Amino acid sequence: MNEFVIELKNLSKSFGNVRANDDITLSIRKGEIMALVGENGAGKTTLMKLLFGLLRPDSGDILIHGNKVSPKSPADTISLGIGMVHQHFMLVPPFTVTENVILGTEPRQYRIFINEKTSRESLKKVSDHYGFNLDPQARIETLGVGVEQRVEIIKTLYRKASILILDEPTAVLTPQETDELFDMLRQFRSEGKTLLFISHKLDEVLAISDRITVMRAGKITGQLDTPQTNKEEIARLMVGRDVILRVSKEKAQPGDSVLEIKNLYIRNSRKQEAVRGISLHLCEGEILGIAGVEGNGQTELAEALTGLRPILKGEVLLKGILINKQSTRQRFDSGLAHIPEDRLQRGLITEFTLQENLMLGRHQHPSFQSHGFQNRENIHKESTRLVEEYDIRPTELNRLGRQFSGGNQQKIIVARELAKNPVCLVAVQPTRGVDIGAIEFIHRQMIAARNKGVGVLLISADLSEILSLSDRIAVIYNGEIMGLLEASEADERKLGLMMTGTRLAESA
Amino acid sequence: MAILVSLIIGGIFILSIGKNPFEIYALLFKGTFGTSYDIGQVLFKATPLIFTGLSVAFAFRAGLFNIGAEGQLYMGAMLATLAGIWIPARFPSLPSLIVVTVCIFAGFIGGGCWGIIPGWLKARFGVHEVINTIMMNFIAYGLTNYLVLEVFSVPETIHTPEIGLSARIPRFDALLGIFRGSPVNISLLIAISFAVLAWVILTRTRLGYEIRAVGLNPKAAEYAGIPVAKTMTLAFFIAGGLAGVAGSNFVQGFKYYYEDGFAAGAGFMGIAVALVARNNPMGILFSALLFGTLSQGGLAINTQVPKELVEILEAVVILAMVVMTELFNRWIIKQKNLS
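Read top to bottom, the protein sequences are chains H and A.
Using our numbering, the first residue of the first sequence is number 1, and each one after it goes up by one.
Using our numbering, the first residue of the second sequence is number 1, and each one after it goes up by one.
Okay, chain A solo, but in the shape it has when bound (with noise of 0.2 angstroms):
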């Protein structure tokens, strides 16, 4: 319904620039669901989305509003490259399980620490996380791109060398021969695992208990023997590391490099993945797939609308798509209410 009435908007946007809006949704939705290479790459590009959307959701669930997602993502990206430099260079004999996993902690802790700064400025300080995120993004910016042109740069190019055999994530293509051509990998796996691990911690433990109760009301939180402080940061930590995460599919599992700016915004597209998804990790897995569509579909539609229309195109969907989802929630609580 929502998808509905967002394409309908959509429409009248692609009809006021003089083009059939039946004609750019069916190319649309050949690019997108048209081969198994068009899939593969759909989910290729929810794979990011996953992890910057349950960043953003698990440091909601705390009651922090992320916006740093995006900073986060670079830090752990960043290390877990150096992480898939270093390692295969030092232990070249390391299987490449361990290597990986350990490449992935890394991307976890890097996104982490860069969650751990603005969640304990905000616990420690109360300084508002929105405004520490966002300037916790332009020096991660700011570091990684120093990082990559200066320090770790390939001569001639924006990125680093890259990372060692046993770094590298397996795609799907090369292991089982489906979504053929594709990047997509084993990343989008380790999303999933992390979505249902995020639903677990959130659900079944102590520490999502607490982390809960603190995003619902710190002071009934305080009242009840919480540490709403530790809390705060723990939970930053956390949604840090989610972020962090998100940058092994196209590190490890497409460039094997870092590339200067390679996330083009998936750090923010997070916050509109966790709002339709209203925060649930399990629904943030459908919402990211969603949002990987549209960004797959404009890719595919550029020969028939300029580029810069696309974009449009795409926000425009995203907007009506989030006005709808609220819409729509908002009529099932009345219908609740009704009942």
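Here chain H stands alone, though its shape is the one from the complex (with noise of 0.2 angstroms):
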């Protein structure tokens, strides 16, 4: 009897001269929660991979109950009983919750038609052992973020998975939403499923694993019982180095107020009010956090601002002045700066040289061009002068936007802004998906923007940045600003519960 489920040994698999995984060894029991956490890059996803079938491993095994395997495709490991819950769900938005539950193994009546009645029930089976407390019937577009991820959970349990691998699966969750995925979690662990769990927040790792597995650069650099553990340890395996997990900062100097915004409404792209009477200022030289779920109005606030989304109502006054109807490039000339939320789409060009992307935006600026022609010696010295006082790596100029890591291009975007001295930055999610040694270093050059007298619009759905950045902190839900508070006055449980939609007044 062996008490491994899944176990890989030496396994190993390269993309070029990179070798995204390096003779990796790891054994799973039977009924533990195994978290695998490292910095993007450091082979996690290609680990996961490998396990589901979608990439071929160069050389190692797969043992999964002791029998070697080869999936070849996902449905042979759905076949082996392992079941995945990705990042990104994989749901198809007008289709109802059974539907999306049975895509793929359908139960057929004569054949051709789907038996949906049989579905529904064994589905509505499954939910109510769980409490999942599902409907159905219901269309997934209509579903909030927690429930459609209790939908891919039930897809894989319909599927009679034994071991459920979760991929980042808070990364979307209020606190809240977190605690209840964790309680189902310790249920499904009793029942004896075996879970891996991969993630980058420290703090929950700890909270809610049995051992942790610690990838860097696709070796494994530690496995620990989480129970001897702590973050610190964690972050150095995951680092190679110590790092300061906590910014020190002085308390704020706020001065003039330089952003006010003037009960505000702004459409979504479907033309719904998502943005509904938001009022806030900003002064200059504090941050102001702007915490809350994904998708409550943070990304149509920060368009608004930046004169890429067109504001329905209200008014926005940068520095006392008007400046609803002004265009991105007027905006940018009075002096507001902007790290979008999404990096690829938004803040690079991809296909740009490192160069080339650090004077996006800046690009018409007199020292930069003159007559039309580009001034290609300030541009190279400016370049130069931003690497290197960024540490962006590598340094290569004429590198192409897309060979960098998360974490550098991120410092490409941060490094631009800044370096157009604005007097606002609306930062958007500043630090998601990036390593932990760019998120040390991304939080002190805003701390420093901050203590120069720069006011940041911090929006991030990452609370224990906002925790640890904001001066102030403001709570978004469903378009409306649910409460504003001190940093000192402000924490978890607090902002949760405004997260989630009650006010600020209610919940004290």
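In short, the hints are calculated from the structure, not lab data.
Note that the coordinates shown come from a computational prediction; the quantities given were computed from them, not determined experimentally.
Quick reminder that beta carbons are idealized off the backbone N, C-alpha and C, glycines included.
Restricting the straight-line Cα-Cα distance to at most 25 angstroms, the calculated cross-link-like pairs of lysine-lysine (DSS-like) are:
{"#": "1", "chain 1": "H", "residue 1": "K420", "chain 2": "H", "residue 2": "K319"}
{"#": "2", "chain 1": "H", "residue 1": "K494", "chain 2": "H", "residue 2": "K231"}
{"#": "3", "chain 1": "A", "residue 1": "K230", "chain 2": "H", "residue 2": "K325"}
{"#": "4", "chain 1": "H", "residue 1": "K124", "chain 2": "H", "residue 2": "K160"}
{"#": "5", "chain 1": "H", "residue 1": "K494", "chain 2": "H", "residue 2": "K201"}
{"#": "6", "chain 1": "A", "residue 1": "K219", "chain 2": "H", "residue 2": "K420"}
{"#": "7", "chain 1": "H", "residue 1": "K9", "chain 2": "H", "residue 2": "K49"}
{"#": "8", "chain 1": "H", "residue 1": "K160", "chain 2": "H", "residue 2": "K68"}
{"#": "9", "chain 1": "H", "residue 1": "K325", "chain 2": "A", "residue 2": "K219"}
{"#": "10", "chain 1": "A", "residue 1": "K19", "chain 2": "A", "residue 2": "K30"}
{"#": "11", "chain 1": "H", "residue 1": "K49", "chain 2": "H", "residue 2": "K30"}
{"#": "12", "chain 1": "H", "residue 1": "K49", "chain 2": "H", "residue 2": "K68"}
{"#": "13", "chain 1": "A", "residue 1": "K334", "chain 2": "H", "residue 2": "K49"}
{"#": "14", "chain 1": "A", "residue 1": "K230", "chain 2": "A", "residue 2": "K219"}
{"#": "15", "chain 1": "H", "residue 1": "K271", "chain 2": "A", "residue 2": "K219"}
Computed Cβ-Cβ distance ranges for the label pairs, DEER-style:
{"#": "16", "chain 1": "H", "residue 1": "G501", "chain 2": "A", "residue 2": "K230", "range": "41 to 49 angstroms"}
{"#": "17", "chain 1": "H", "residue 1": "D391", "chain 2": "A", "residue 2": "A229", "range": "31 to 39 angstroms"}
{"#": "18", "chain 1": "H", "residue 1": "N268", "chain 2": "A", "residue 2": "Y141", "range": "40 to 48 angstroms"}
{"#": "19", "chain 1": "A", "residue 1": "I178", "chain 2": "H", "residue 2": "R393", "range": "49 to 57 angstroms"}
With the hints as a guide, dock the two chains, each given alone in a separate frame, to form the complex.
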């Protein structure tokens, strides 16, 4: 009798000369929650793809329940009893919960017709057993993110998975939803299911797992028993050196008002009101954090402030001047800078070189062009300076944007935006999907900008980021501000309640 | 390498009709590089392809697929012809240099304006430029056809009256006595300078930076404060203008009149020219030369092989060349990734 349900032996996988997985040996026992942590690019995703049959290993073996397997497709893996809950949900929005769950394994009647009644009933049984409280007939597009995730989980259970892989499952959840998810995972464990939990949020890993495997640069750098370790140790194994997890900052010295938002209404792309009557003001030399679960109007707010989306109603004043009707370029010229939410969609041009990316939005400045011709000497000088100052690696100015790691891509954006010497910086999810080392660096840069008198509007779904950087914190829910707190009065519980729609006055 | 493989594939075709490929290829080579006249003909055929290739490539750099080079070429050539008839008649004392320049400018404006329309439709309403430009081609055909046959034609012909002497672009033959007998003319130098100009604009100017930004990632361009719609429209104007000047080779340098349907697909061929050159203005000089060779070579083997098969052979070789270029580029990328 073998107690290990998954065994990976000397698994290696290379892409070109990059060893994405280098001699990985890992065993997971039945009924345990194993956490897999590591920075972006450490090889977690590759490892999961190997296990899930999306990639084939160069060498090494995969054993499931003691039998050697070589999964060639996700279908093989599913038949072995492995289910995966992806970070980005793989659901068909206009389909119902039932239709999504049975997708690919539809029970047939007379070989042609889908027997939906049978599937609905068996789905209901699974759902009730775990207290999922799901309506099998609801359409996915009408459900919240937390519920969608349950559909993903139930999909794997419906297929009788005994091993569950969860890829960054808490990235889109509120603290309360995370707690519920964790209760669910513990119930699975008590039923003998095996869980592999991928994350880089160390608090959560410590809260839920039995054992922790740390990866760095394609190798396993540590296997720890959760009760015998701490955040500092894990972070050190992840990064390879000591990391300062808390940013130190002095008390803010707020000056004059730089950004004033008065009763703002904004529509989203589907013409619905995504922001409904927000009023806020931001001063020089302070960081105002806007917390909230993604999709509650943050994107629209940032886009409207930076001129990428029209304002329906209300006023935005930058240094006392109404900028409602100003173009993006005019707003930049009056001292607004913007770290966009999606670095690959907006923040960078992946096929531009590092140097060209550092000029994006600054290229029309007189020091970088005259009479329409680019001033290549100044561009080169400025780029060299920024690469050094912001520790962008590698330092080749002609390297394409897509060839940089997520952390360095984000540094390129931060460098460029702060080099504009802005009076106001709108930073949206500035460290999402970025490794710990870069997070630390970017946070320090933002504090430094604040200390120099920049007003920073920090829009983030990452509560620990909001709590460690902000001087004041507002919470947005469903397009409205639920309340505004001094950072010293805020904690995760209070913010979490507001993030799910409880107003500050009610929660107090 | 790419050429070799395409020649082999072409050879199989020649074999299939019972001819010796080596003989045919020898003939093809002789017909293109045998005499200075033949070389002149190759250059003459390559000249309009440089312009249309540049047109497609320039639009492509802005993320736009310009299928409309053909129509832009006709409209530009028509306007240039009218200017070439009218200006010398009205101002006989104007020096040739000025008249020629004005005519080329007219060609640019004619093609450019034809390019602005689909550019604007795309930028303003998001109507796909492929559909726009195809429709604009039909309109251009019809319009120029009507103008030539019904309004400006010389009776019993399908062309306009001749342009004035001062609007004509001199041939190398007349100037230097080289490429004797071939109509290859100064348009070739104009084409080369436009290629250099396009390269400078794209890589050295603020406009080029903005065009490339819009082409690669319009959302990021918007974020950077670049007026996306304006840039797209402007890029399409320049692309149309480049195609519009292509007619100068034929009208001002060869026949001295506008003949209905003279371009014979040079606009469409521009797409292949740009593709093989990977939209690099400098590369277009070479790929246009390649396509010019093929087109001249087709004429040379016409006596040995039926005309239809020459056309098929040309198309097969082009296709093979495009595929091979693609494979070759992938191979290079792979090598780069490995090292």
